[in-house]
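There are 2 protein chains.
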Amino acid sequence: MRGYSFYERASRAFHQYPSLSKLLVVVTLSGGGVAAYNGAKPFSTAYAESVKGECEKKKKVVVLGTGWAGVSFLKNLKNPSYDVHVVSPHNYFAFTPLLPSVTCGTVEARSIVEPIRSITRKKGIDVQFRESVCYKIDADKKKVYCRSSQDTNLGGKEEFSLDYDYLIIGMGAKANTFNTPGVEENAHFLKGVEDALRIRQSVIDCFERASLPSLSEEEKKRILHFVVVGGGPTGVEFAAELHDFVTEDLAKLYPSVKDHAKITLLEAGDHILNMFDKRITSFAEDKFQRDGINVKTGSMVVKVAENEISTKERGTGQVAHLPYGMVVWSTGIGPRAEVVDFMKQIGQDIALIFSKADKNKSGNLNIKDFQEVVDDICERYPQVELYLKKKQMKNILELLEGSQKKSVEVNIETFKSALSEVDSQMKNLPATAQVAAQQGAYLANCFNRLEECEKYPEGPLRFRTEGRHRFRPFRYKHFGQFAPLGGEQAAAQLPGDWVSIGHSTQWLWYSVYASKLVSWRTRVLVVSDWGRRFIFGRDSSRI
Amino acid sequence: MRGYSFYERASRAFHQYPSLSKLLVVVTLSGGGVAAYNGAKPFSTAYAESVKGECEKKKKVVVLGTGWAGVSFLKNLKNPSYDVHVVSPHNYFAFTPLLPSVTCGTVEARSIVEPIRSITRKKGIDVQFRESVCYKIDADKKKVYCRSSQDTNLGGKEEFSLDYDYLIIGMGAKANTFNTPGVEENAHFLKGVEDALRIRQSVIDCFERASLPSLSEEEKKRILHFVVVGGGPTGVEFAAELHDFVTEDLAKLYPSVKDHAKITLLEAGDHILNMFDKRITSFAEDKFQRDGINVKTGSMVVKVAENEISTKERGTGQVAHLPYGMVVWSTGIGPRAEVVDFMKQIGQDIALIFSKADKNKSGNLNIKDFQEVVDDICERYPQVELYLKKKQMKNILELLEGSQKKSVEVNIETFKSALSEVDSQMKNLPATAQVAAQQGAYLANCFNRLEECEKYPEGPLRFRTEGRHRFRPFRYKHFGQFAPLGGEQAAAQLPGDWVSIGHSTQWLWYSVYASKLVSWRTRVLVVSDWGRRFIFGRDSSRI
Numbered sequence: 001m002r003g004y005s006f007y008e009r010a011s012r013a014f015h016q017y018p019s020l021s022k023l024l025v026v027v028t029l030s031g032g033g034v035a036a037y038n039g040a041k042p043f044s045t046a047y048a049e050s051v052k053g054e055c056e057k058k059k060k061v062v063v064l065g066t067g068w069a070g071v072s073f074l075k076n077l078k079n080p081s082y083d084v085h086v087v088s089p090h091n092y093f094a095f096t097p098l099l100p101s102v103t104c105g106t107v108e109a110r111s112i113v114e115p116i117r118s119i120t121r122k123k124g125i126d127v128q129f130r131e132s133v134c135y136k137i138d139a140d141k142k143k144v145y146c147r148s149s150q151d152t153n154l155g156g157k158e159e160f161s162l163d164y165d166y167l168i169i170g171m172g173a174k175a176n177t178f179n180t181p182g183v184e185e186n187a188h189f190l191k192g193v194e195d196a197l198r199i200r201q202s203v204i205d206c207f208e209r210a211s212l213p214s215l216s217e218e219e220k221k222r223i224l225h226f227v228v229v230g231g232g233p234t235g236v237e238f239a240a241e242l243h244d245f246v247t248e249d250l251a252k253l254y255p256s257v258k259d260h261a262k263i264t265l266l267e268a269g270d271h272i273l274n275m276f277d278k279r280i281t282s283f284a285e286d287k288f289q290r291d292g293i294n295v296k297t298g299s300m301v302v303k304v305a306e307n308e309i310s311t312k313e314r315g316t317g318q319v320a321h322l323p324y325g326m327v328v329w330s331t332g333i334g335p336r337a338e339v340v341d342f343m344k345q346i347g348q349d350i351a352l353i354f355s356k357a358d359k360n361k362s363g364n365l366n367i368k369d370f371q372e373v374v375d376d377i378c379e380r381y382p383q384v385e386l387y388l389k390k391k392q393m394k395n396i397l398e399l400l401e402g403s404q405k406k407s408v409e410v411n412i413e414t415f416k417s418a419l420s421e422v423d424s425q426m427k428n429l430p431a432t433a434q435v436a437a438q439q440g441a442y443l444a445n446c447f448n449r450l451e452e453c454e455k456y457p458e459g460p461l462r463f464r465t466e467g468r469h470r471f472r473p474f475r476y477k478h479f480g481q482f483a484p485l486g487g488e489q490a491a492a493q494l495p496g497d498w499v500s501i502g503h504s505t506q507w508l509w510y511s512v513y514a515s516k517l518v519s520w521r522t523r524v525l526v527v528s529d530w531g532r533r534f535i536f537g538r539d540s541s542r543i
Numbered sequence: 001m002r003g004y005s006f007y008e009r010a011s012r013a014f015h016q017y018p019s020l021s022k023l024l025v026v027v028t029l030s031g032g033g034v035a036a037y038n039g040a041k042p043f044s045t046a047y048a049e050s051v052k053g054e055c056e057k058k059k060k061v062v063v064l065g066t067g068w069a070g071v072s073f074l075k076n077l078k079n080p081s082y083d084v085h086v087v088s089p090h091n092y093f094a095f096t097p098l099l100p101s102v103t104c105g106t107v108e109a110r111s112i113v114e115p116i117r118s119i120t121r122k123k124g125i126d127v128q129f130r131e132s133v134c135y136k137i138d139a140d141k142k143k144v145y146c147r148s149s150q151d152t153n154l155g156g157k158e159e160f161s162l163d164y165d166y167l168i169i170g171m172g173a174k175a176n177t178f179n180t181p182g183v184e185e186n187a188h189f190l191k192g193v194e195d196a197l198r199i200r201q202s203v204i205d206c207f208e209r210a211s212l213p214s215l216s217e218e219e220k221k222r223i224l225h226f227v228v229v230g231g232g233p234t235g236v237e238f239a240a241e242l243h244d245f246v247t248e249d250l251a252k253l254y255p256s257v258k259d260h261a262k263i264t265l266l267e268a269g270d271h272i273l274n275m276f277d278k279r280i281t282s283f284a285e286d287k288f289q290r291d292g293i294n295v296k297t298g299s300m301v302v303k304v305a306e307n308e309i310s311t312k313e314r315g316t317g318q319v320a321h322l323p324y325g326m327v328v329w330s331t332g333i334g335p336r337a338e339v340v341d342f343m344k345q346i347g348q349d350i351a352l353i354f355s356k357a358d359k360n361k362s363g364n365l366n367i368k369d370f371q372e373v374v375d376d377i378c379e380r381y382p383q384v385e386l387y388l389k390k391k392q393m394k395n396i397l398e399l400l401e402g403s404q405k406k407s408v409e410v411n412i413e414t415f416k417s418a419l420s421e422v423d424s425q426m427k428n429l430p431a432t433a434q435v436a437a438q439q440g441a442y443l444a445n446c447f448n449r450l451e452e453c454e455k456y457p458e459g460p461l462r463f464r465t466e467g468r469h470r471f472r473p474f475r476y477k478h479f480g481q482f483a484p485l486g487g488e489q490a491a492a493q494l495p496g497d498w499v500s501i502g503h504s505t506q507w508l509w510y511s512v513y514a515s516k517l518v519s520w521r522t523r524v525l526v527v528s529d530w531g532r533r534f535i536f537g538r539d540s541s542r543i
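Here the protein sequences line up with chains A and B, keeping their order. Here the first sequence is numbered in the UniProt record's numbering, starting from 1 and rising by one per residue. Here the second sequence is numbered in the UniProt record's numbering, starting from 1 and rising by one per residue.
A couple of the hints might just be wrong.
The list makes no distinction among identical chains, and a pair is therefore deemed to hold if it is satisfied within one copy or across any two copies.
[Unchecked claim] Pairs of lysine to aspartate or glutamate, EDC-like flavour, derived with a Cα cap of 20 Å:
| # | residue 1 | residue 2 |
| --- | --- | --- |
| 1 | Lys123 | Asp140 |
| 2 | Lys157 | Glu218 |
| 3 | Lys258 | Asp126 |
| 4 | Lys157 | Glu217 |
| 5 | Lys157 | Glu308 |
| 6 | Lys157 | Glu306 |
| 7 | Lys252 | Asp126 |
| 8 | Lys221 | Glu159 |
| 9 | Lys136 | Glu159 |
| 10 | Lys262 | Asp369 |
| 11 | Lys122 | Glu248 |
Keep in mind that the hints were calculated from the coordinates and are not lab data.
Work out the full structure: start from the sequences and follow the hints.
Written out as structure tokens, the structure reads:
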């Protein structure tokens, strides 16, 4: 009989403070993903209590957000033994991959949305929806604080709080501006339906503004200069859509100003679509060049003024000023303030875990202890292992090198920074709808089979205690990614590095997206929108 | 050889100061109609100059507004010898009779609009469109002053002026609030596409707000109390649409609050739809009663506060206060400020006409002289005669009775007030799309055949000078009117007092409206919207 080893202590720390595990799930939030959280109690303990004490009272699950993760959770949840409360500022789910199409009217906004209430209505589950924003999560009291998302005064009753037994965070992310000055004020983002509608209006506005009499050629050119910042899939798709809109539709209606219209795509890296295969990248760059879309790579935006965008060449450091009429910012996403705040709350727990692991209270862990802690994480969260593999790190030690060179001990700050390194790097799990949807479905499945898995756990063997983990860990399955390039052409990168480019790929894109839509209604509407566009073109009414 | 008779003087006055005629046409503006104006010169003189002097320089026609009248003018104008400039804050034409359907998503907003540029593009006519508001008309300098309708700063270049040879005013009307306090601030109107979209959002907002936790039953009831002010065709159609939306769609999605929803229709008169046949009125009242729509007739709104609407019973004078969640104001329309200002400008001319007619400069016309002036008006403007007939006045004298009892002479103020009486009463020409569209087409036809009619005038014989008037006067041809009543039922009143009510009339309504839509695109979209609604219901996503 030996005393508690460090292994056991560390393992216990994780069981008693599963918040660290939350930290590692929360990271995927930046990709619109999901985090499940059930307060300071491990999942199993909470469940045990529910079975033990309040058999009749349903456990309350609060879902924050109705994006891909939240809706995928709701759609897949089949276990009626929960009382589900959904809080989101939008009373609908939006099929975000079609947002770039909405910006130019190829597809109507209403065709890609479905009310949450109609998604949940037909399920035999108690689901309450509140059109509200969650502005604060209190992990200690297991409470979320919410406020009606309408600008309304109900004498304080527009604010309310909800207790939860389980909290599911799928609030999505916000656009990452890298604190570039002027972006918030002057640029459009492309995160939600409202953004897409605003961009659509703004494009028409530019053409109408340029058609006013008494403007100089110079001014017309400026007004019709559309700048897209970020050469990722969204930026590229938007630039392509805009090009088609201008050449196929607007040029006919605005013949006097059409020659002034210009699209510039700014990318800080060496190539656009750099997460895709090189064949796709070079096809896209060639196509854009033929189309007259001005692609400027190695160009970092340093400031967005009201009518001018300033860029810095990565090579030469030269600063250029581009007058513009409209700018769309699409350089990636970052976590929301509420989630950052929540992460801080659970971040406190890191100190506790550390102190648990820090046997002699020296304020330092030795490297071996630290590695053992992280090994435990890897076991539970296969993504971390994948990440280490991807980075070709043999072990966790190399992760520390960025923070602390070859030190023999790890102090609490290094511990935190190494974990936040994993956190930030874990964003490499693609920040896509696919990931979020799979996470939501995984989580719903866990809730669906909770009783069953409690009795017959199906996860991997536990090393440090007996038995198995209840659930198999989440594994992301990549089904490939599309990059529509305009002119009825698209590129697709499928698993196994299969690459497909051209008109046939665009048809593949049509069929995949039509099949993935959330309801038959949206499916019919989107397909009829596509048909309408083929026949009548895109509408340029400014509504 | 006799000297100039009064007849001749009066007639000359009208030729030299055709502004009075404008006054009589402008009146129909309140119905969304049209006024043609060519400065201080009579049509013929202006035309003569154009032929004589600047053969190559095209005459400039400025069209203000792209409502029914303006667009009907543009669609029917075929004469390429004009340089047409269109100024409107909206770059599209909206098929307004379907606006009530847009408020509840039966039809999508984009399905009922068509860009002005695509309407004019295929015509072989020079048409320039400016998305701007006209804020001032200078009749003396023949100039309109405009400003970009976007909230944009172009260093002053967002403002511009346009000279015109002919000015066509089709700016439409604004909702008439009768200066009831709080209406502008708290009520929705239903004049344009934006209004309809706002109402749609607002209905959903009310249901979402009522679904917040921690509200009392009382508050839920208030929030879901929808008040429609005005029992005319628009108010009735909106109430019916809203009732269908609530019972057919929202009740399913908001089961916990659906029983709180209530619709009240307030009408100051004795009956709703009082311009229709009594059979229609009583059918509508009965149907609304069965549907649970609360119709309160004889109820005048005296104040609209933020959450409460105050009404006064016409009979008893009793004041009641109704808490409400949303109020739609639909009591009719009045002229816009710019048009009122313009009418004041041309109103000055009345003094000139008066002084021309006032032979002995006494400041008074005798009744006989006055009647002769008005006879001339009646000849040119058959509506005035219709009006007199309708009012069962034998002659113009009775018109004066309101202003001046049995006096023998008419002073300038009485002259003005009698004409403004005609003006205000002429609003009895139905304030409908039908009237405006016919006026626009009539005017386009005048422009199309200007050369021809100059040579071969086809109008009625001139009494006081030789020859004929160039154009036959405008005559409104009434094709009947619909009143959709919800639940797939409608009422129609056709010429000759034919009345049709029921489901078959709704189908007649569908086919008439589909055929009247402005383009094949809108036709296809509206019909597919109807189909979509039958299959999938109305969407309640709050976008």
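- Message: Check the structure against each numbered hint from earlier and tell me which ones fail, lowest number first.
- Response: 1 and 10
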